[in-house]
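Chains as they are written, first to last, in the numbering used here: chain R, -5 to 83; chain Z, 830 to 1040; chain C, 6 to 973.
Be careful, since some hints might not be right.
Claimed, not checked - Derived contacts from chain C toward chain R, CB cut-off under 10 angstroms, selection only:
#: 1; residue: Lys129
#: 2; residue: Phe130
#: 3; residue: Glu193
#: 4; residue: Asn197
#: 5; residue: Arg243
#: 6; residue: Ala438
#: 7; residue: Ala703
#: 8; residue: Asp707
#: 9; residue: Gln714
#: 10; residue: Glu716
#: 11; residue: His855
#: 12; residue: Ile859
#: 13; residue: Ser865
#: 14; residue: Pro867
Note that these hints are calculated values from the structure, not bench results.
Quick reminder that beta carbons are idealized off the backbone N, C-alpha and C, glycines included.
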Amino acid sequence: MLLVRCPWCGDRDEAEFRYGGQADVDYPADPHQLDDAAWGEYLFVRANPLGSFNERWVHTAGCRRWFSLVRDTATNEMSPDIPRRRESR
Amino acid sequence: MTVLNKVESETAAPETATAARHSPLEHRAAELERRSTSGARGVRLHEEPFLSQINLRTPPGGVESSAVSDSLGLPLPTVNRVSGDEHHAVLWLGPDESLIVAPDGRAEHLLRTVRDAQRGGSGSAVDVSANRTTLRLSGPAAREVLEKLCSLDLHPRSFGPGDCAQTLLGRVIVVLWQLDREPGYRIMVRCSFADYLVDLLLDAMAEFLDG
Amino acid sequence: MMSSSNPNRLNASVRPGRIDRTRTIHATVDGRAVPGRPGDTLASAMLAGGDIEVGPSIQRGRPRGVFSADCTEPNALVQRLDGDCPEPMLPATEIELQDGLRVETLSGVGWLSEQRDTAGYDKKFVHSDVVVVGAGPAGIAASLAAARGGARVMLVDQHRELGGMLLDGQAHIAGHPATEWIGRAARELAENEQVRVLTRATALGCYDHNYLLIAERRADHPDAPPSPTIRQRLWHVRAKQVVLATGAHERPLVFADNDRPGVMLASAVRSYLNRHAVLPGREAVVFTTSDSAYSTALDLLGTGARVPAIVDTRPEPPTRLVEQVRAAGAHVVTSAAVVATGGEHRVSGVRVRGIDGNGSLTEWSAEFPCDLLAVCGGWNPAVQLFAQSGGAVRWDPVVAGFVPSGAGGRSARVVGAARGTYDLAGCLAQGFASGAEAATLSGFRTAPPPVPQVDGDRQASRPRPVWLVPDESRSPEECTEHFVDQQRDATVADIHHALGTGMRSVQHVKRYTTISTGLEQGKSSGVNAVGVLADALSAGSPGEVGTTTFRPPYTPVPLALFAGRTTGRLYDPVRTTPMHRQHVEAGAVFEDVGQWKRPRYYPRGNEDMHAAVLRECSAARTGVAVQDVSTLGRIEIVGSDAPEFLDRIYTNGFAKLAVGKARYGMMCGADGMVLDDGVSMRLAEDRYLMSTTTGGAAKVLDWLEEWLQTEWPELDVYCTSVTEQWAAVAVVGPDSRTVVGRLAPDLDVSAESFGFMRFHETVLVGGIPARISRVSFSGELAFEVNVARWYGQALWEATMTAGSDLDITPYGTEAMHVLRAEKGFVIVGQDTDGTVTPVDLGMDWAVSKHKDFIGKRSLSRPDLVRQDRVQLVGLLPTDTTTLLPEGAHLVEPDVSRRPPVPMAGHVTSSYHSAALERTFALGLISGGRQRIGEVLCAPVGGRDVEVEITSPVFYDPEGARRDGPEQG
Ligand SMILES: [Zn+2]
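All chains should be modelled from the sequences, with the hints used to inform the complete structure.
Encoded structure:
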């Protein structure tokens, strides 16, 4: 059971969260400007590194906020991410 | 900003058809009484039905939040904390979300008050009084019972009176609120889960039934 | 000096032992009474009675005896027959003796009972600043130091009392017997309210982020209450710091006939002597590769046993030890090894040969009679928990064992024998230091206490491991009586056989030979197997071969413990609506929809589901029927940007929806696939009430929040789940207007005043405020009446009363499914599966051409505009009584049935229809809309069912029934 640090609620068991995949994959400003290959890239292609990975979680059983953190995929060591964008109001 | 819809104001009004209401656990009141124990390792469980509850969303730190706070006569709570007392409280649910809790019959007044305060600004106030019911778990063994179901650190060094958390009891999402040092807790649970949660809590309490 | 019922029990004056001599208790083994004392294990009681032999071995039926005194036991495995449920494969060395204990011995395999296990299995979540695993000297020291710093400390040990290896020996601490030091420490810890000491508790696993699982045995021992509520408790512990003081396990030695009863680990002999006051043999040869067995020899000699020889593989054991045992009357043979044992059901003597520096036998030989052979092949630090938590291990040639590698260690710190430190002073020093450090790091600054003067095990001299004592005549490939894993009957020959097949990795050899796959999971057999392998591969050291992976649980544990209380009715949350008990009283048969219990149908009399559903459907089409729809998800969406937000979320437009009106909406993922659907009402300019499918409520709310929080934080929109603020009924059928009219006397329910997809707020009879909408999922005139949740029962009752003279019929999910399928309305998750777009469903009308929405870009991807995509169609079996199974595949009638058979599509929904007086189905068929009228085949149960492709709308395609019968 991983211990995930919600930036709002603090340390909680992994069971309270849902995993949200790679962080910082922006929804294209205008999807219709993208050709099929670029749109396919946005939809289906994600990084899968061994080591440091910036990923999203949502605290479903708690404050329901989305946030991102950096996890080492080999050791599960986690550290807070400084969000690029405003994650919450 | 909207005024109250007819159905909102009438549902929340104190004088409305209270005899026709049924709380999710009223059929289990006698059972809960029977399974509660006193003494040094006692633990009691009962329902506190029909508490007025308003789900409040307000941008943190903005003019809206101070207006709402002024209108309620309570500061908005800090993270994982409860502002006020068990009769009139605001619980922290998230960075822009709180739960106003008051005795039965206060919802319409609170809804009007908050929506007035929010007028012209951003935010929302929604009556959720019927959305959850409240369980009161108290007694010297109350924490031990919760520890069988909840992964939060409930040790007095970490969680005490005036603390609250949205978390899981078993697989049920609840709002957990510690009221006093005995310890006594309020467990606010969505109505559909109430029967199951009571089954789970009673099973966890069984160890203390024999004293 | 021996008592008669326990001939091998030592007098208290010789060895008091950790037993209660004032009471005699009895267990039954294979029907025979075995007496003993509280404090005995089943194995020590058997040994006290002179029984060393247990069940024969699993594959080869060889006689076997009690071999160890701990959880590494390969032979003395028993099946419990008493208690709540017969439990298989328990080591007699770990079972505490108690009255009424009844077991049968096993040959390496037990049996599962069909009996239901009714015992209580509890679970508890706790947090601790410092968790110390193992209450030997190092663990106790760590706990004392951390507790003195004020930290919340948890000390866990698998045995009934603290002390660990100290209880097996005769050490002194600060001038007093070690037991006094243990007693003082135990009291100090017990008096500190921030300390929790768990005995009879095994740390099963140590996981990421300092999470530990600990199994505590609260029953099945002499100190347990007569009928405990809880048999075992699984502690889920989150620690800030973990100290592992898990000790070490003694290794057996691998030589010919090393499995004969009477061959026993030297440490086990010592444990039985000192802990249980049991002398397992009168004449004991000691065969060792290291110092520790000399203590066994001395303890044997001190209790009157004869020690004909101490056989040491080392050319020069420490003079101090040699002199000590000589003085006590024993003879040390150096550079020697036991090469054979004699005897049938018990060892009667050993043959010893010289062994040179290369491990080859020399000409020198001797024979010694004995009834006990105490063996010590060295020690394996118990690194299991450390390795599980992600720590790396390395081979340490000085201690001849795998120890925690300094580099790979995570936050768990390892102390004492678990890191290869075997001297008492070193264990205490490491314990104190690590306890203080752990407390300090968790926020309770403290310094380690001074280490007291000790008289006990000293710094050990270097061992000389011998992985394989050569056979006197056979090559290693033929060593079929050199056992590496006694429980699995696996030998040196088996390892060589694995090598002969080309395997080299220890992981492969383990699986091929089954070595280390038994109860002990390699604790004693693992490193010996690695050593034999290293020799055979001419590797420089076992470190080059490496270990197999250490996995939880540390020792076997009943699966029931993991289930805990969440079995049977507590297995998964059960959600009910406020009308649940009314449905039960009405005789509803329920089905699970997600976690919800929803009435599936309401049989009358002896009706089966088929008859009940036909009746319920017919009521909805010809009279009036009512369904509890409280389970639908509801989300209130508020804010000045709410209209814009819904326009982006839904495939169709909502911004222009007038206040007071409702609209059906569909939402897609960014990939264009259908995600959920439902009706949303506009309550005010800046306020909508969205409904979702029953199963989709939580998912949709997460979805909305994801977009609001991570992509469109600039939007002024707030979402609040109000699923359970409301209870609702759908009142359906030509007579529904009458019923709703009576229910809501203040409301004009005429078609003119109350149009389709409109809603009104009113007060029902009895003063209940309500919101009533005209929505229909059946094609019939229908109303949905919403009230606050707590009025749910009253609403149901009032509706039934209002319709009683019209035979208002409650209907369940099954009838609802039929009614909607007759109209070709899809259910997300039944007719869709995450690979279906709104266009595939023929719902282009709900897909806006004018605005963008999530998923729109995907709808023009080449794959989504293929002509052969599956499309929703109706399916009519040619035989009107044949019901197609949902999920059935459809193929071209003339296609070859040689796999792979090309699929044309599959059935998604299939029912009997009262209105159509026949069976019908919906399905997804490749290019289906172009194939209306064609015939396909459904191979079902060995025969072909002919199916005609039709429009998915079977009933009232003109929509004439939506507004109900003409009034007047
Ligand atoms: Zn949170």
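Results of checking the hints against the structure:
1. Lys129: violated, 14 angstroms
2. Phe130: Since chain R brings a Cβ to about 8 angstroms from C:Phe130, closer than 10 angstroms, the hint holds.
3. Glu193: Since the shortest Cβ distance to chain R is 30 angstroms, the answer is violated.
4. Asn197: With a closest approach of 25 angstroms, the C:Asn197 hint is violated.
5. Arg243: holds, 7 angstroms
6. Ala438: For C:Ala438, the interface hint is violated, since the closest Cβ of chain R sits about 25 angstroms away, which is over 10 angstroms.
7. Ala703: holds, 8 angstroms
8. Asp707: holds, 6 angstroms
9. Gln714: It holds, given that the least Cβ distance between C:Gln714 and chain R is near 5 angstroms, below 10 angstroms.
10. Glu716: This interface hint holds because 5 angstroms falls under the 10 angstroms limit.
11. His855: Violated. Min distance 13 angstroms.
12. Ile859: holds, 8 angstroms
13. Ser865: holds, 8 angstroms
14. Pro867: Since chain R brings a Cβ to about 6 angstroms from C:Pro867, closer than 10 angstroms, the hint holds.
Taken one by one, the earlier hints fail for this structure at numbers 1, 3, 4, 6 and 11, listed in ascending order.
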